[in-house]
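Listed below are the residues making up each chain.
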Amino acid sequence: MLDVDLGPLWLTLRLAGVTVVVLLIIGTPLAWWLAHTRSRARTVVEAVVAMPLVLPPTVLGFYLLVLLGPHGWIGSASQAVTGSALSFTFTGLVIASALYSLPFVVQPLHGAFESIGRKPLEAAWSLRASKLDTFLTIASPMASRGYLTAIVLGFAHTLGEFGVVLMVGGNIPGRTKVLSIAIYDHVEVLEYTQAHVLSAGLLLFSFLVLLMVYTVNRRLPIHVS
Amino acid sequence: MSELISRFDVTFPTFRLQVKSSLPAEGITVVFGPSGCGKTTLLRCFAGLIRSPTGFLALGEHVWQDETTGFFLPLPQRPVGYVFQEPRLFPHLSVRSNLLYGWNRTPTSDRRISLDQVVAVLGLDSLLERRPSHLSGGEQQRVAIGRALLTSPRLLLMDEPLSSLDAPRKREIMSFIQQLDREFRIPIIYVSHALHEVVQLAKTLLLLKEGSLASIGPLGEIFSQVGIRRVISDSHIGAVIDTRVAEHDVEFGLTTLAFPGGQLSVPHQNNSVGESLRVQILARDVSLVASPPAFQTSVLNVLEATVMEIGHIESDQPFVDIKLDIGCPLLATITRKSLAALKLHPGQKVHAQIKAVALTHDSLD
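Protein chains in written order, with the working numbering: chain G, 46 to 270; chain A, 114 to 478.
Since the hints were derived computationally from the structure, they do not count as laboratory data.
Treat the numbers as computed from the prediction; the structure is a model and nothing was measured.
Accuracy of the hints is not assured; some may be wrong.
Example chain G residues on the side facing chain A (calculated, C-beta under 8 angstroms, incomplete) [claimed, not checked]: (1) 156; (2) 160; (3) 162; (4) 165; (5) 168; (6) 170; (7) 172; (8) 173; (9) 183; (10) 187; (11) 190; (12) 194.
In this text, a Cβ means the ideal position worked out from N, Cα and C, and glycines have one as well.
From just these sequences and the hints, can you work out the full model?
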């Protein structure tokens with residue numbers, strides 16, 4: 046009978062979920078800074094953020110493997126503190142996925158903050174709202190479409206990654222064996238049925254998520270442009 | 114009476130604003146000047162949206178900025194209201210939430226203006242549950258004004274709040290602004306580049322030219338200065354006089370307006386007796402005759418006047434401005450030829466014939 050191990054599926058969803066949360070925490074201030082700074086460093090930072098879009102995943106994965114491994118800066122620091130390096134661990138995967146999906150979260154947020162501009166913020170300040178208050182009560186809700194896009198793209202992009210994960214995480218069942226790698230494994234040993242089940246599942250899931258996003262997006266009351 | 118004392122000096126790549134002024138903290142002060150003269154920049158300095166590195170700003174005894182000690186109160190902590198050129202309503206909040214946004218953030222002890230008051234004065238009752246995107250431009254601007262008022266500001270800053278509106282809306286909002294001055298007693302600084310707004314609203318006028326102060330003072334005085342033409346290059350210059358409706362002449366369809374120097378007859382007005390009415394007498398509508406007037410004239414308003422000052426005579430200009438005293442200042446534009454014919458000199462008694470009296474609330478176009 047059909048025997049498909051669903052472990053990789055849950056691992057993938059967990060990885061994508063954690064990655065998106067991490068990215069929102071890092072990406073929000075970064076995108077805010079990019080949208081409002083007049084610093085010349087802005088162009089450099091923008092270019093760095095966009096790098097994962099053009100680099101082959103294996104290049105990113107290779108450097109991350111070196112960095113996160115027991116002899117890399119980050120890996121050795123982690124080993125000193127926790128007793129183990131980060132390569133071939135779930136934490137390592139999160140770091141790798143976050144870097145890899147960074148532009149997919151930062152760019153929609155950056156765009157959203159930029160299109161809001163300074164005007165509503167100034168209005169809020171003139172109504173006694175502090176900068177943090179203004180961010181929370183004016184900028185964030187006005188950027189809700191940007192957030193939705195960022196969450197979905199970040200999540201979906203993490204679901205689909207292969208190269209970086211393979212380099213950094215290896216293929217350890219239950220720890221780093223994610224869906225895309227599981228599918229690859231099944232195909233390699235000619236288990237087409239299992240590959241079909243996982244692939245079709247991912248296909249359907251991705252379609253449904255995107256469908257939901259576009260539906261919700263259309264109904265959101267706020268149009269900032 | 115307290116004053117708004119300020120000193121700003123800000124430099125931009127292509128522009129420098131350097132203004133030192135002391136304004137009465139009451140009534141409407143209009144900041145007037147051509148586009149690009151620094152009006153909005155000045156207003157943003159008052160708000161604290163621009164920090165002048167050597168600036169000083171105090172309203173009465175409350176100092177908001179004093180760079181000699183490095184003190185600067187950021188905008189959220191300044192008791193000012195700001196009405197921008199565009200309404201800038203928050204699109205994700207209802208009109209009610211927009212109105213209450215600043216009110217909720219104003220300490221209870223500072224709240225002097227209530228939602229009910231603002232809704233009544235600005236006529237917002239039927240709009241409260243709507244979203245900003247479902248309001249007309251004029252309604253949005255009214256909400257923006259109400260929202261600023263609900264922070265109970267000590268100073269209201271308005272940056273060309275009418276510029277995005279059509280003429281009927283302008284008239285409507287303008288009367289609201291005049292009402293604000295009377296109802297809430299908040300000093301207003303109002304930026305404008307439209308002369309008719311100045312004439313209708315201003316108590317005090319601050320004229321800006323290329324980033325510096327060209328003139329400042331009560332509107333009536335500034336508009337009857339003989340040198341005003343060099344600052345305001347507009348044919349619509351002339352004395353502004355605050356009058357009171359004295360009586361209606363039903364038979365001839367005229368209304369008599371009283372002012373400190375006498376009376377003016379104008380076509381019938383729908384104002385009741387005792388109401389105040391501001392009029393402008395354009396300098397080009399005033400002609401002078403030697404006293405006493407030797408012949409009958411069809412001009413209704415002929416007033417005794419004393420020549421106060423004769424404007425600068427330029428040989429390439431056929432006209433010259435004369436400042437007169439008719440109990441209040443009056444400006445007349447006559448030809449140099451007439452000046453010579455009448456042998457005008459300061460102190461001389463003449464009669465001023467006023468061919469037309471412009472009623473400022475009609476002058477919107």
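How the hints compare with the structure:
The interface hint given for residue 156/G is violated, since its Cβ lies 17 angstroms from the closest Cβ of chain A, which is over the 8 angstroms cut-off. Here the hint on residue 160/G is broken, as its CB sits about 12 angstroms from the closest CB of chain A, past 8 angstroms. This hint is violated: residue 162/G has a C-beta 10 angstroms from the nearest C-beta of chain A, more than the 8 angstroms allowed. With its C-beta approaching chain A no nearer than about 6 angstroms, residue 165/G sits inside the 8 angstroms limit, and its interface hint holds.
Annotation: residue 168/G was flagged as interfacial toward chain A, and the flag holds, the nearest CB pair being 4 angstroms apart, inside 8 angstroms. The beta carbon of residue 170/G comes within 4 angstroms of a beta carbon in chain A, closer than 8 angstroms, and the hint placing it at the interface holds. Because the beta carbon of residue 172/G sits about 3 angstroms from the nearest beta carbon in chain A, less than 8 angstroms, this interface hint is met. The beta carbon of residue 173/G is positioned within 8 angstroms of a beta carbon in chain A (closest approach about 4 angstroms), and the interface hint is therefore held.
Satisfaction of the interface hint for residue 183/G is found here, the shortest Cβ-Cβ separation to chain A being roughly 6 angstroms, below the 8 angstroms cut-off. With its C-beta approaching chain A no nearer than about 6 angstroms, residue 187/G sits inside the 8 angstroms limit, and its interface hint holds. Hint on residue 190/G is violated. Least Cβ distance to chain A is approximately 11 angstroms, over the 8 angstroms limit. At a threshold of 8 angstroms, the smallest CB-CB gap from residue 194/G to chain A is about 17 angstroms, leaving the interface hint violated.
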